[in-house]
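S.K.: For reference, the chains in residue letters:
There are 2 protein chains.
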Amino acid sequence: MGSLNFDHPPEFFPNESPLDPNEFRRQGHIIVDFIADYYENIEKYPVLSQVEPGYLGKRLPKNAPDYPEPIETILQDVQDHIVPGLTHWQSPNFFAYFPANGSIAGFIGEMLATGFNVVGFNWVASPAASELESIVMDWLGQLLCLPNSFLFSGGGGGVIQGTTCDAILCTLVAARDQMLRRIGRENIGKLVVYCSDQTHSAFQKASQIAGIHPRNFRAIKASISTSFALSPESLRSTICSDLQDGLIPLYLCATVGTTSTAVVDPLEPLCNVTKDYGIWVHIDAAYAGSACICPEFRHFLDGVEGASSFSFNAHKWLFTMLDCCCLWVKDPNALIKSLSTNPEFLRNNATDSKQVVDYKDWQIALSRRFRAMKLWLVLRSYGVEKLRNLLRSHVQMAERFEELLATDKRFEIVVPRIFSLVCFRVSPSAISTELLKHENNINEINKKLLESINASGSMHITHTVVDGMFMLRFAVGATLTEEKHIIMASKVVKEHADAILTF
Amino acid sequence: MGSLNFDHPPEFFPNESPLDPNEFRRQGHIIVDFIADYYENIEKYPVLSQVEPGYLGKRLPKNAPDYPEPIETILQDVQDHIVPGLTHWQSPNFFAYFPANGSIAGFIGEMLATGFNVVGFNWVASPAASELESIVMDWLGQLLCLPNSFLFSGGGGGVIQGTTCDAILCTLVAARDQMLRRIGRENIGKLVVYCSDQTHSAFQKASQIAGIHPRNFRAIKASISTSFALSPESLRSTICSDLQDGLIPLYLCATVGTTSTAVVDPLEPLCNVTKDYGIWVHIDAAYAGSACICPEFRHFLDGVEGASSFSFNAHKWLFTMLDCCCLWVKDPNALIKSLSTNPEFLRNNATDSKQVVDYKDWQIALSRRFRAMKLWLVLRSYGVEKLRNLLRSHVQMAERFEELLATDKRFEIVVPRIFSLVCFRVSPSAISTELLKHENNINEINKKLLESINASGSMHITHTVVDGMFMLRFAVGATLTEEKHIIMASKVVKEHADAILTF
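So the sequences go chain by chain: A and B.
Using the UniProt record's numbering, the letters of the first sequence correspond one by one to residues 1 to 503.
Using the UniProt record's numbering, the letters of the second sequence correspond one by one to residues 1 to 503.
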């Protein structure tokens, strides 16, 4: 490291090109083994990193080294200093947030994309990158039984974005500009956007970035009476009230599988409301969209035909490494009108011919990675049937966990489980009067349970609060998770509850 | 492929986990060799892909396969169908756009980040990802001799964004909101942003997304009298005129190394103008920023101390695979105020302690890849001195190319070369009267030269038009480029000129 520089004068290091094929081969093989070893040993690490804030600054030098360091030294540092600071998202005992499930095919796809390292801002900059993206997005759209109007074959089209926030921001800006072209730019302050209070915070952020007045951001309260789904009646009355105030309804973000509890908004009734007002509807199926490639889950997308755009994150639950958010729109021109720029240095005959897709005009950034590669690899390496079965196995494991907890009277399943997320808590009825004297309330006890489980390192779960209720979220989907991990997880939860509930 | 599914019934395929370590090892090694072979053979491919629009759709099935396909089959398809559709950015004969130069360290860093596949939205989700990012951004900031006020140690801080457009959008939104908090949201239509007509189109796009009125986007003409740099006098007079019209100056995007011709805007005089009006100055050094780690180029950043934010793309010219845009800001709180969201499901004790950096609040997206890993690997694997020498060698090769062309009277170097970009054209004096009868003008002849060179497949360059003048851009920076490629490139240019200029 830095202090060792004088021990490693430059002449000890080969002067080869930083892309020398032989050295690439040598180091590449070393790293493949390093990562394979990591997966083999992953259960040995505490799932949630146990380091303290600032730990790494104490271990690394204050400056970049002057001279080259061998890969072996660097990898030793990765093992000694980086791995302890990781929260192990690929661990079979990772049940936090939503999964970011990796796969060999996803990894290989990233390697190929990184190895080619093409910058596919427009078609001519690498035709294969653009064309493969259009093809796999049509493949995936078909798997989801999206209406043809979302596919290239039907006049719509799909694009791979980084994240849902990007997807929402791009479609929101398209909707905004479409509206402002009609009513005049000066009316930007009148535009109103809608969602429920269960909608992902990405929507609030996108609205903020797009210049929607914060006063016009409507997070309609979703109550327990609708299982925390957005009520079409509430939406309609909110819209009507805004219209009466002289405001202009613009955009609705509906969710299939909310982040807190994986609830599904009723798409068809919601779209029936919005179509009366010309509102752009985006459907965010970031997590649960993957499950909808299984025929038995597809009905959760019923009503999607009424939306203007739809997105889900293949990097969450479809074995495609971060990042890979799949977005389809019915009207690519709306996106292009807002997001295209045509600097002279990018002009080319293919673009002028209008026969090609230039994805730079479908996204925020100009430069773009060849993300279609990993999606293609995943679809081909596993095939549709195996992907469906893998997703089903995750749902079944979540069901198993739910059963294991439900048979223990101390716990309650707070929200009906649909996909692979179980929301549970220690039930108020399980708390002794004695214990309640020392604990503020049921939420505090559940928070204590959460922290106790995570501090153990044996598994990692996270929490949410809905309608004032603190609950624990158990999300199944890590690729290495097997039934034995689920059984162990239920034991861990119960053991920690034992300790906390016994006074 | 799709049609072969019946020949590959599922029972022929192993039922292992998609992240089985042994299979990971097997496939990982295959791919390392595949990519190493690609680099070894890269000069055999035409640099600019020669495929026709729609080529890939004719070669791939219409649907995703139902059953798994072996990696060997898929790789054969990559070789047969994808590689011909690539424009080979890693080729030593790639001189187009700006480079996206890869390296073994950059690749290895991506592999590690992809293998761990952590989602580092906040500190607790993977402490090492956040902390390493802060550390390497301070390292890099020191290398660039950025004022301490841009570093964490000085109250500022750095963050890795995807691209310059992200960096500009984030800082523009921060500046916008800071101003609107003062003057009221309803005044968004009065905000004015400034740049030159040589500024990258990313700024126009970011302004559009952030809701800046298109009428208030000032692309001040940069003339040949200032070598196409933005004139402080023009900036001041434009600002004064806007103020007289009751508008509110907000943001200036100055450039170190413009995309068309690598011109450097005069930072210090520009900042002297803006400071009188409280304007946020962002410095976009996307390409040329890398060179500024060399002491002899650092003076191009003089004046950066007057700016509010600074960014450059390590994925262009610092051997760090796409994408890796390094952004520093003096006032992280301005970013955080605009971009933070605090959903309950992400609340945690580390965040509450305010001892950690949660990078989700510094960027558009919530989820983020572990990009710091590759930057760290590049800095350590090569060390500062070697990196400087590599950059110098690119500049020297550009100089060599410039000399080789300058000694041929048919060519003229249009803009003084500073970094590794040579802007040249066939000189009007080289055109015979006979030829001019058949060609519209000098620009058409240069366009023909460009197309002829690119169609040959032997090298790839692109063009720009500045002040009505069509010129060819020759950007050196691909990692595998050696002097012999430069000499060959100059020969190719001359040979194609021979053919075009001979009538």
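Because the hints were derived from the structure by calculation, they are not lab data.
Hints are supplied without guarantee of correctness; some may be wrong.
Chain copies aren't distinguished; within one or between two, either way the pair holds.
[Claimed, not checked] Computed cross-link-like contacts, BS3-like style, restricted to lysine-lysine with a CA-CA straight-line distance of at most 30 Å:
| hint | residue 1 | residue 2 |
| --- | --- | --- |
| 1 | Lys190 | Lys354 |
| 2 | Lys409 | Lys330 |
| 3 | Lys190 | Lys447 |
| 4 | Lys275 | Lys386 |
| 5 | Lys44 | Lys484 |
| 6 | Lys448 | Lys386 |
| 7 | Lys337 | Lys190 |
| 8 | Lys494 | Lys409 |
| 9 | Lys275 | Lys409 |
| 10 | Lys494 | Lys386 |
| 11 | Lys447 | Lys337 |
| 12 | Lys275 | Lys44 |
| 13 | Lys409 | Lys354 |
| 14 | Lys221 | Lys62 |
| 15 | Lys330 | Lys62 |
| 16 | Lys337 | Lys437 |
| 17 | Lys190 | Lys448 |
S.K.: All hints are to be evaluated individually against the structure, with a verdict given for each.
M.R.: Results for each hint:
For the homomeric pair lysine 190 and lysine 354, neither the shortest alpha-carbon distance inside one copy (36 Å) nor that between copies (36 Å) is at most 30 Å. Taking the closest pair of Cα atoms, lysine 409 and lysine 330 never come within 30 Å of each other, the shortest separation being 49 Å inside a single copy and 54 Å across copies. Taking identical chains as interchangeable, the C-alpha atoms of lysine 190 and lysine 447 are never at most 30 Å apart, the minima being 41 Å within one chain and 48 Å between chains. In this assembly of identical chains, the alpha carbons of lysine 275 and lysine 386 never lie at most 30 Å apart, being 38 Å within a copy and 61 Å across copies at closest.
Proximity of lysine 44 and lysine 484 under a CA criterion of 30 Å is satisfied intra-copy only: 16 Å inside one chain copy versus 51 Å between copies. For the identical chains of this complex, lysine 448 and lysine 386 are neighbours neither inside a copy (39 Å) nor across copies (52 Å), given an alpha-carbon limit of 30 Å. When the C-alpha separation of lysine 337 and lysine 190 is checked against a cutoff of 30 Å, the pair qualifies both within a copy, at 21 Å, and between copies, at 23 Å. Only within a single protomer do lysine 494 and lysine 409 lie at most 30 Å apart by alpha-carbon distance; the minimum there is 11 Å, versus 84 Å between protomers.
For the homomeric pair lysine 275 and lysine 409, neither the shortest alpha-carbon distance inside one copy (46 Å) nor that between copies (66 Å) is at most 30 Å. For a Cα distance limit of 30 Å, the shortest separation of lysine 494 from lysine 386 qualifies neither inside one copy, at 33 Å, nor across copies, at 56 Å. For the identical chains of this complex, lysine 447 and lysine 337 are inter-copy neighbours only, at 28 Å across copies versus 48 Å inside a copy, given an alpha-carbon limit of 30 Å. For a Cα distance limit of 30 Å, the shortest separation of lysine 275 from lysine 44 qualifies neither inside one copy, at 54 Å, nor across copies, at 55 Å.
For the homomeric pair lysine 409 and lysine 354, neither the shortest alpha-carbon distance inside one copy (64 Å) nor that between copies (38 Å) is at most 30 Å. In the homo-oligomer, the alpha carbons of lysine 221 and lysine 62 never lie at most 30 Å apart, since the shortest distance is 49 Å inside one protomer and 43 Å across protomers. Taking the shortest Cα distances, lysine 330 and lysine 62 sit within 30 Å of each other only across copies (20 Å), while inside one copy they are farther apart (51 Å). When the C-alpha separation of lysine 337 and lysine 437 is checked against a cutoff of 30 Å, the pair qualifies neither within a copy, at 62 Å, nor between copies, at 40 Å.
For a Cα distance limit of 30 Å, the shortest separation of lysine 190 from lysine 448 qualifies neither inside one copy, at 45 Å, nor across copies, at 51 Å.
Consistency note: the structure conflicts with the earlier hints numbered 1, 2, 3, 4, 6, 9, 10, 12, 13, 14, 16 and 17.
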